[in-house]
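*Asks:* Residue numbers (our numbering), protein chains in the order written: chain A, 1 to 155; chain B, 1 to 155; chain C, 1 to 155.
Source of the hints: derived by calculation from the structure; they are not laboratory data. The reader is advised that the hints may include incorrect statements.
As a list, the in silico DSSO-like pairs of lysine-lysine whose alpha-carbon atoms are at most 30 Å apart [stated by the list, open to error]:
1. Lys-155/A <-> Lys-91/B
2. Lys-91/C <-> Lys-155/A
3. Lys-91/B <-> Lys-155/C
4. Lys-155/B <-> Lys-155/C
5. Lys-91/A <-> Lys-155/C
6. Lys-53/C <-> Lys-53/A
7. Lys-53/C <-> Lys-53/B
8. Lys-91/C <-> Lys-91/A
9. Lys-155/B <-> Lys-53/B
10. Lys-155/B <-> Lys-91/C
11. Lys-155/A <-> Lys-155/B
12. Lys-155/C <-> Lys-155/A
13. Lys-155/B <-> Lys-91/A
14. Lys-91/A <-> Lys-91/B
Now the in silico label distances, taken between C-beta atoms and shown as ranges [said to hold, decoys possible]:
15. Lys-155/B <-> Gly-85/C: 25 to 33 Å
16. Gly-50/A <-> Ala-82/B: 40 to 48 Å
17. Asp-89/B <-> Arg-58/A: 40 to 48 Å
18. Val-13/B <-> Gly-85/A: 44 to 52 Å
19. Gly-85/A <-> Ser-103/B: 45 to 53 Å
Footprint (simulated), chain B over chain C, 3 or more residues, beta carbon under 8 Å [stated by the list, open to error]:
20. 17-31
21. 34-41
Heads up, the beta-carbon is just placed ideally off N, CA and C, and yes, glycines get one too.
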Amino acid sequence: MNAEKRLQDLGLVLPSPPLAVANYVPAVRTGHLLVVSGQLPFGLDGAISGDHKGKLGRDVFNEAGQEAARLCALNVLAQVRAALGSLNDVKRCVRIGGYVNSSPGFTAISAVVNGASDLMVAVFGDAGRHARLAVGVAELPLDAAVEVEAMFEVK
Amino acid sequence: MNAEKRLQDLGLVLPSPPLAVANYVPAVRTGHLLVVSGQLPFGLDGAISGDHKGKLGRDVFNEAGQEAARLCALNVLAQVRAALGSLNDVKRCVRIGGYVNSSPGFTAISAVVNGASDLMVAVFGDAGRHARLAVGVAELPLDAAVEVEAMFEVK
Amino acid sequence: MNAEKRLQDLGLVLPSPPLAVANYVPAVRTGHLLVVSGQLPFGLDGAISGDHKGKLGRDVFNEAGQEAARLCALNVLAQVRAALGSLNDVKRCVRIGGYVNSSPGFTAISAVVNGASDLMVAVFGDAGRHARLAVGVAELPLDAAVEVEAMFEVK
Numbered sequence: 001m002n003a004e005k006r007l008q009d010l011g012l013v014l015p016s017p018p019l020a021v022a023n024y025v026p027a028v029r030t031g032h033l034l035v036v037s038g039q040l041p042f043g044l045d046g047a048i049s050g051d052h053k054g055k056l057g058r059d060v061f062n063e064a065g066q067e068a069a070r071l072c073a074l075n076v077l078a079q080v081r082a083a084l085g086s087l088n089d090v091k092r093c094v095r096i097g098g099y100v101n102s103s104p105g106f107t108a109i110s111a112v113v114n115g116a117s118d119l120m121v122a123v124f125g126d127a128g129r130h131a132r133l134a135v136g137v138a139e140l141p142l143d144a145a146v147e148v149e150a151m152f153e154v155k
Numbered sequence: 001m002n003a004e005k006r007l008q009d010l011g012l013v014l015p016s017p018p019l020a021v022a023n024y025v026p027a028v029r030t031g032h033l034l035v036v037s038g039q040l041p042f043g044l045d046g047a048i049s050g051d052h053k054g055k056l057g058r059d060v061f062n063e064a065g066q067e068a069a070r071l072c073a074l075n076v077l078a079q080v081r082a083a084l085g086s087l088n089d090v091k092r093c094v095r096i097g098g099y100v101n102s103s104p105g106f107t108a109i110s111a112v113v114n115g116a117s118d119l120m121v122a123v124f125g126d127a128g129r130h131a132r133l134a135v136g137v138a139e140l141p142l143d144a145a146v147e148v149e150a151m152f153e154v155k
Numbered sequence: 001m002n003a004e005k006r007l008q009d010l011g012l013v014l015p016s017p018p019l020a021v022a023n024y025v026p027a028v029r030t031g032h033l034l035v036v037s038g039q040l041p042f043g044l045d046g047a048i049s050g051d052h053k054g055k056l057g058r059d060v061f062n063e064a065g066q067e068a069a070r071l072c073a074l075n076v077l078a079q080v081r082a083a084l085g086s087l088n089d090v091k092r093c094v095r096i097g098g099y100v101n102s103s104p105g106f107t108a109i110s111a112v113v114n115g116a117s118d119l120m121v122a123v124f125g126d127a128g129r130h131a132r133l134a135v136g137v138a139e140l141p142l143d144a145a146v147e148v149e150a151m152f153e154v155k
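Make the full structure from the sequences, and use the hints.
*Replies:* Okay, here's the thing in structure tokens:
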């Protein structure tokens with residue numbers, strides 16, 4: 001598996017890994033696990049687009065929601081590369097937690113989080129298949145539409 | 001500990017382990033940890049009963065909520081057996097996360113999640129006692145009343 | 001690192017570690033990981049103050065919210081000491097999950113959870129810097145304003 005090459009073949013560019021703005025860090029390694037902080041859908045310009053802010057079912061609709069989840073996952077990968085030096089040091093994506101900013105009655109939560117899951121498999125192949133939590137939350141930091149955290153097994 | 005025998009003695013039948021319907025998997029093993037995806041309260045017929053859909057405190061009331069959490073936990077066990085071959089390969093239930101679909105003002109979240117916790121101890125005895133997160137969420141996939149994820153230490 | 005001495009130097013007293021009131025336990029060790037159950041903002045008197053109940057942005061405002069998160073973190077530490085015998089057996093705070101009881105439109109979730117993150121760094125120094133999830137939830141047990149769970153690497 002050469003995840004860096006796959007990323008290149010897919011024409012994907014990782015955003016600059018957002019800095020943690022308080023007394024936490026973007027990722028912690030313990031043994032063979034790398035735990036990545038919840039990431040928001042920052043774009044390549046370092047900002048969250050208006051299309052990816054607010055609640056699913058009210059302000060953000062399915063395709064934009066999936067794209068927001070995909071951007072969260074790209075930020076997760078940016079943090080993994082920053083922590084390890086290369087995505088090629090990932091052995092497996094173990095778990096992602098997908099938290100969807102949901103308006104009352106919005107239950108298509110799994111479809112939104114697929115934006116993140118699909119990216120993991122596009123980049124890591126079968127090693128990208130992960131256990132997953134997908135829930136609808138009341139609010140998210142910066143009014144983001146989606147937040148994604150992750151855990152990886154690393155070399 | 002013979003968890004398979006306990007299950008039998010309790011007269012419990014595990015549902016067919018639900019397939020992951022997207023680019024994720026029901027469970028991932030890393031080292032001695034098994035991480036199980038969030039499970040919904042599917043019954044033996046593979047469907048979520050109307051009694052286990054909607055919000056606690058509005059559509060679903062305490063006993064049905066506990067039963068929904070218990071069903072989520074049975075689905076967790078079905079995934080564990082599918083992943084490991086036997087529940088007897090579990091050394092310990094390490095953590096469960098219980099996410100309760102809560103209407104405004106519903107705070108009896110712990111009582112609902114006890115439906116899952118009690119099942120773990122019924123099946124695994126003291127090795128079923130786990131660390132726990134219990135929170136009330138805004139929405140859940142398929143309008144389920146409860147979702148439960150879990151982490152186990154395995155042989 | 002002498003976390004017990006730091007705690008003393010900071011004049012901090014840990015609350016009595018709350019007992020789990022059902023079939024779960026406050027903390028589980030697996031290998032070199034200690035997983036701590038979600039903790040509520042109990043004070044030294046064993047109760048949740050009215051100031052730390054209800055929703056951020058409606059009943060609880062920023063400073064009281066941060067203080068609630070800090071109290072959750074003190075309860076996490078109380079559980080760590082009860083589990084390990086001493087905070088000095090902590091090698092690293094790996095992750096905290098901060099769940100903020102958020103009223104509609106309350107998005108200053110990160111600022112609230114900083115109350116917990118800051119305490120970890122005050123007590124453990126750089127080893128207290130953790131990966132973090134911060135989300136706004138619909139409801140919490142006992143109508144608490146904040147709930148914090150944690151994972152540590154231990155000796």
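*Asks:* Below or equal to 30 Å on CA atoms is what counts here, so check Lys-155/C against Lys-155/A.
*Replies:* Holds, because 21 Å separates the two Cα atoms, which is no more than 30 Å.
*Asks:* Quickly compare the C-alpha distance for Lys-91/C and Lys-155/A to 30 Å and report which way the hint goes.
*Replies:* holds (21 Å)
*Asks:* Between Lys-155/A and Lys-155/B, does the CA-CA distance stay at or below 30 Å?
*Replies:* holds (21 Å)
*Asks:* Holds or violated: Lys-155/B with Lys-155/C, Cα cutoff 30 Å?
*Replies:* holds (21 Å)
*Asks:* Taking only the CA atoms, is the gap from Lys-91/C to Lys-91/A under or equal to 30 Å?
*Replies:* It holds: about 24 Å lies between the C-alpha atoms, which stays within 30 Å.
*Asks:* CA of Lys-155/B to CA of Lys-91/C, is that 30 Å or under?
*Replies:* holds (25 Å)
*Asks:* Taking 40 to 48 Å as the stated bounds, is the beta-carbon spacing between Asp-89/B and Arg-58/A within them?
*Replies:* holds (45 Å)
*Asks:* Could you grab the alpha-carbon distance between Lys-155/B and Lys-53/B and see if it respects the 30 Å cut-off?
*Replies:* Violated: Lys-155/B and Lys-53/B sit about 36 Å apart, past 30 Å.
*Asks:* Hey, Lys-155/B versus Lys-91/A, does the alpha-carbon distance stay inside 30 Å?
*Replies:* Holds, at about 21 Å.
*Asks:* Do the alpha carbons of Lys-53/C and Lys-53/B lie within 30 Å of each other, as the hint requires?
*Replies:* holds (28 Å)
*Asks:* Looking only at beta-carbon atoms, does the pair Gly-85/A, Ser-103/B fall within the given range of 45 to 53 Å?
*Replies:* For Gly-85/A and Ser-103/B the Cβ distance comes to about 47 Å; the hint holds.
*Asks:* Is it true that the CA of Lys-91/B sits at most 30 Å from the CA of Lys-155/C?
*Replies:* holds (21 Å)
Taken one by one, the earlier hints fail for this structure only at number 9.
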